[in-house]
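**Q** Chain residues, written in single-letter form:
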Amino acid sequence: DSGVTQTPKHLITATGQRVTLRCSPRSGDLSVYWYQQSLDQGLQFLIQYYNGEERAKGNILERFSAQQFPDLHSELNLSSLELGDSALYFCASSEGGSEQFFGPGTRLTVL
Amino acid sequence: GENVEQHPSTLSVQEGDSAVIKCTYSDSASNYFPWYKQELGKRPQLIIDIRSNVGEKKDQRIAVTLNKTAKHFSLHITETQPEDSAVYFCAAIYAVGGSQGNLIFGKGTKLSVKP
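These protein sequences, in sequence, are chains L and S.
If you're matching positions, the first sequence starts at 1 in this note's numbering and goes up one per residue.
If you're matching positions, the second sequence starts at 1001 in this note's numbering and goes up one per residue.
Since the hints were made in silico from the structure, they are not lab data.
Beta carbons: idealized from backbone N, C-alpha and C, even for Gly.
Any given hint could be a false lead.
Said to hold, decoys possible - Interface residues of chain L toward chain S, partial, derived using beta-carbon atoms under 8 Å: (1) 42; (2) 100; (3) 103.
Work out the full structure, taking the sequences as your base and the hints as a guide.
**A** The following block contains the structure:
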C-alpha cells in the first residue's frame, strides 16, 4: 500500500457525460500528479499540482481539468467523454524529493 | 522536452536467467531515473531509482546503472523468478527544489519469466 488513495475504483459511464476522479496523497506530500494509461499503453503525464497550484501540464485535453484543494486532495474532472477516454487513471504523490508513489488507479469505461 | 526510449518492448527469459532492460533519455539536465514494476491491473510500484551523481545502485537481485555521457540507464534483474513477470517502466525527471519535474516514462517492457 503506497498510502495514496483513489476513488472510485471503477467508473462506467456513457459518451458525453462528465465524471470526477478523486485522489488523496500520502500524508505530508504536497505534490499530486495525474497520469492516464490506456490499454497496453504506457503512462501519459496529464498534470501536476504542488500545494494547491498547477505546476506542470502534459498531454491533457481541454475537456479535462483538475484542481488541488487546501487539504491537498485532488480531483480530475473529465467532461464530454468519448470512447477513447476509457483508461486507467492514476494519481501519484511526492513529498520534496523525486520519488512518486502511485495510487491504485480508477478504471474508467466509457460506453 | 524530455523523451525516454525503452527497449525491448517484450522480453522472455527462463527462470534463473538474468534480464536487462535499457532506456535512453534526451535531456541532459535530467537527474533522477526511477524504475517501476506494474503487474496486470495494478499500480506502478517503484522498485529502484538512481540519481545522476551515482553510476550504479543495487538492491538484492535488482541493479540499475547510469551512463550520463551516453544518456542511457539500464535495469538488471538477476536470478529471475516467475513473480518478476510484469511490465517494467523506466522514467526520467528533471527535479529541482521542492516542486519536482514530471516523470517522462518509457513505453514499458513486458517481462515474462518461464518456470
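**Q** Would you mind marking each hint as holding or not holding in the structure?
**A** A quick look at each hint next to the structure:
1. With a cut of 8 Å, the hint placing residue 42 (chain L) at the interface with chain S holds, because the nearest CB-to-CB distance is about 4 Å.
2. Interface restraint check for residue 100 (chain L): the shortest CB-CB distance to chain S comes to about 6 Å, inside 8 Å, so the restraint holds.
3. Because the beta carbon of residue 103 (chain L) sits about 6 Å from the nearest beta carbon in chain S, less than 8 Å, this interface hint is met.
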